[in-house]
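When you get a sec, could you build the whole thing from the sequences and use the hints?
Number of protein chains: 2
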Amino acid sequence: MKRIAIVGLGLIGGSLGLRIRALGLGRVLGIDEVDQVAQRALERGAADETTRDLGGVAEADIVIVAVPLERTIAVAREVAGRARQGTIITDVASVKAPIVAALEGLSGVRYVGGHPMFGTAGRGIEEAGGDLPAGQPYVVTPTADTDEEALQTLVQLIRDLGMRPALLSPEEHDRAAAEVSHLPYLLALLLSAAAGPEAREIAGPAFRDATRVAQSPPDLWAEIIKQNRQPVLAALDRFGEGLTRMREALARGHIQWVVRAR
Amino acid sequence: MKRIAIVGLGLIGGSLGLRIRALGLGRVLGIDEVDQVAQRALERGAADETTRDLGGVAEADIVIVAVPLERTIAVAREVAGRARQGTIITDVASVKAPIVAALEGLSGVRYVGGHPMFGTAGRGIEEAGGDLPAGQPYVVTPTADTDEEALQTLVQLIRDLGMRPALLSPEEHDRAAAEVSHLPYLLALLLSAAAGPEAREIAGPAFRDATRVAQSPPDLWAEIIKQNRQPVLAALDRFGEGLTRMREALARGHIQWVVRAR
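Chains as they are written, first to last, in the working numbering: chain S, 1 to 262; chain V, 1001 to 1262.
Hints in this document: simulated from the structure, not taken from any laboratory.
Watch out, some of these pointers could steer you wrong.
Claimed, not checked - Facing chain V, a subset of chain S residues (Cβ under 7 Å, in silico):
#, residue
1, 180
2, 198
3, 225
4, 240
5, 243
Beta carbons: idealized from backbone N, C-alpha and C, even for Gly.
The following block contains the structure:
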């Protein structure tokens, strides 16, 4: 049975732990610097055992670094210094190019970047859940330097989790994530901020769907957007151009173009 | 027991019929020019009896005109010509100012504009449903010419339906609807059209939430946007200004402003 260490028992780390254990895919060592979080992860069944000692990664075949984005590089480096030779290390950060560039040269371990697309509505171990719709995407971002066997092991683990591995370059991931995640978040913020009191009073399900993500933690998003600034700017620019074309078409009365052609 | 005629047994008319009957609020005469639709409404329990003869409205205390937006004015006028003196007539159209302006002078009947906020994901009697989250808004748009008793009767019916009456002027409704419904639809179209193949491959729940409404029937939306063009243009302009400010803040690295202040 594989020994899997999960460093950081928040929403993502906790959810992966719950699912790995529920499906019997490995023995999970949960590592978190906050004792109370580790305790709750244990109680909720997200780990077989827990510790606050990062040295625990020396026991693992695979280490999943699931700490907040801004700490991913530092923690992954520390993990690499304590893991056995050849240990597979992956992370779950929402932005990949800067993380992969910093980590793919780690010596002694085999790093593969990853990003499970769980959604971002909550945070913390209490929000973690082992249930996922089948086939949720889990992006893996190999490069020319990635160890092939480590990549295959991670891809197989993702399949065993019932998720769908999507292999993209780090840059492709960041561009795609800007389009389907970071841009929709920013639009939801604007939509939500622009709605006046009468608008809020009559808001129906479409508005709630369109603005739900605006409720998620702003500091978490600030870091994502900071790290992925150029792709987000490019996505905002393309969206702004589309908006301008749509506005002009509407002003000229080309309604069918607005709702169909674009 | 109130006799309520529903003209047009599509998603909205059918859903209102199902709910009125499930809650025992009245006897429902369903009127639809398509026999098959009327038959299905009867089978599904959305009406006590059905006819294709608009003359049936002569039996009703309240007539709900639930035909497509572009036919609302013509059908409501015909209903007024066949209803008894003092009959309450309401419509469910998604745009109110042009409809109310055309109908509030109808002689012999008492017209009150309305718009139940059911969402717009489907269409037709097969998509109709009597279940609604409690407190869904149902906009009522009285003017200085509206009969007070007719207004109170409609408001009470809405409360009895378990919905929340929201009284707005027709213009306030149209501005608010542009902000919470028509603009989100247009943004969803743009978002959906802009996402490339890699983006679609990794799209998670936030993207699906943000683009769900883009799946709804374009011809239905074309009519809404055509009828509500000026408020929609104004909402697009305000949104575009917000987008530009956000883009500039991001380009300058003011990330906290982007995610918080706006």
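Against the structure, the hints come out as follows:
1. The interface hint given for residue 180/S holds, since its Cβ lies 4 Å from the closest Cβ of chain V, which is under the 7 Å cut-off.
2. The beta carbon of residue 198/S comes within 4 Å of a beta carbon in chain V, closer than 7 Å, and the hint placing it at the interface holds.
3. The criterion of a C-beta within 7 Å of any C-beta in chain V is met by residue 225/S, whose closest approach is roughly 6 Å, and the hint holds.
4. For residue 240/S, the interface hint holds, the least distance from its beta-carbon to any beta-carbon of chain V being 6 Å, beneath 7 Å.
5. With its C-beta approaching chain V no nearer than about 6 Å, residue 243/S sits inside the 7 Å limit, and its interface hint holds.
In this structure, none of the earlier numbered hints is contradicted; all agree with it.
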